[in-house]
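Student: Listed below, chain by chain, are the residues.
2 protein chains.
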Amino acid sequence: MSSQTQENYLKCIYKISEKYAEGASTNAIAEGLETKPATVTDMLKKLAAQKLINYQKYQAVTLTPKGRKAALNIVRNHRLWEVFLVDKLKFSWNEVHDVAEQLEHIKSEELINRLDVFLGTPKFDPHGDPIPNKAGKIINNKATPLNESKVGLKLIVAGVSEHSTDFLAYLNEVNLTLGQKVVVKKVVAFDQSMQLIINKKDILFISHQVAKNILVVCQ
Amino acid sequence: MSSQTQENYLKCIYKISEKYAEGASTNAIAEGLETKPATVTDMLKKLAAQKLINYQKYQAVTLTPKGRKAALNIVRNHRLWEVFLVDKLKFSWNEVHDVAEQLEHIKSEELINRLDVFLGTPKFDPHGDPIPNKAGKIINNKATPLNESKVGLKLIVAGVSEHSTDFLAYLNEVNLTLGQKVVVKKVVAFDQSMQLIINKKDILFISHQVAKNILVVCQ
DNA sequence: ACTAAAATTTAGACAAGTCTAAAAATATAT
DNA sequence: ATATATTTTTAGACTTGTCTAAATTTTAGT
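Read top to bottom, the protein sequences are chains A and B.
Under our numbering, think of the first position of the first sequence as 1022, with each following residue one higher.
Under our numbering, think of the first position of the second sequence as 1022, with each following residue one higher.
Errors might be hidden in some of the hints.
It does not matter which identical chain is used: a pair holds within one copy or between any two.
Quick list of in silico lysine to aspartate or glutamate cross-link-like pairs, EDC-like style, CA-CA up to 20 Å [what the hints assert, rightly or not]:
1) Lys1087 x Glu1039
2) Lys1128 x Glu1116
3) Lys1109 x Asp1137
4) Lys1111 x Glu1130
No lab work stands behind these hints: they were computed from the structure.
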């Protein structure tokens, strides 16, 4: 039985491991959880003792199958609650993260399975991230960052790789929301900023920084 | 900012104070929270330091206005979540307590206000208990225990004063659910057990112990 | 390869919430 | 009214999760 704190560590290690195959370093985890490296080391030992992670002194850690399952369960909870908050309670996609961070730790399998059914077993959360199923199976989201797209391709916004309120609120403002049709009109070679056509008519300039964090699929 | 533990103490003191006007004793709180009296004393000092309770050594404690407001907020959360679990997720009224005990501690005013609207601002939870409003105002439930009712009166089940899963599951079994029409046909003088007529036709025997914990209003 | 920088771990400490055992205060019974 | 029982508090200790400061290990630069 993992505590809330331990669940947060597992989730954090999972997220880092998605990006870096070698696993999660002490520093990266400390940054992700806004805590100190020394604190992380203490916790890594406890998680290793429960066989939730593979830990060798001074090396990046990875999740064991047991740890991965626990992490995916938290991710499932988090994303289902986000769907609930947006679809049912009419929150905007940039307002739901903090509350979902709390709700994800509610312990009841029955609750989450019923919530899943109530929501119509959604496959993606409001940010386009895939929702793991009961068994911990998760769709591999093959969307690519907008900054890697070629000029002229017809694209659809399918997700984001940055979840901060500010970023999402900005996307709302400029109408770059999930499902939006986008064509890259021009890329400025100097700073890789982009000129987009949205909804076949509106023109929008975005920075490289923004383009990098928008995920798209071909239309 | 109260911790989950402190919130549970406040709720417990509130519930005891509903029954005993003089307030909550250390022992009563310890029993309610399934902890030890020594632990309770420690916490009472902390709550008093935050001006959430009135505490004098060796005396029963009462909530200050600030403490009462905090307690009613938790009660509001708990009861709204119970309505959600029963109305939306189709849980039975005897399955919701434990999960609601967790959900009640989620910290977000916006969340609970939106949930309230989503549920249609219900006035009572699935056990017939009144739901405090945003401001902490709570309807005084004037339902009376079934065992105090006279023979022949036409009654409606309006609540329960015992919330254990076993008791509620039993009521389900014998069809004594919220809103059920009941007439007291006979009271056995020896043990105060009761013979009821349910739904104008079915006959049911219940013990005094059961009757005491069912709340009714006149039809 | 050797040194400086960066990352990680250890050691010792603290806060919150809990416990047991013992002491002190209050309540009860005859 | 006084002894006994009950309730409450105190004292000291433990666990979880956190911190700072110092030590150690790994990595990187030249």
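Student: Hint by hint, say whether it matches the structure.
Tutor: Consistency of the hints with the structure:
no., hint, verdict
1, Lys1087 x Glu1039, "within (17 Å within a copy, 46 Å between copies)"
2, Lys1128 x Glu1116, "between (23 Å within a copy, 14 Å between copies)"
3, Lys1109 x Asp1137, "both (13 Å within a copy, 12 Å between copies)"
4, Lys1111 x Glu1130, "between (25 Å within a copy, 15 Å between copies)"
Consistency note: the structure conflicts with none of the earlier hints.
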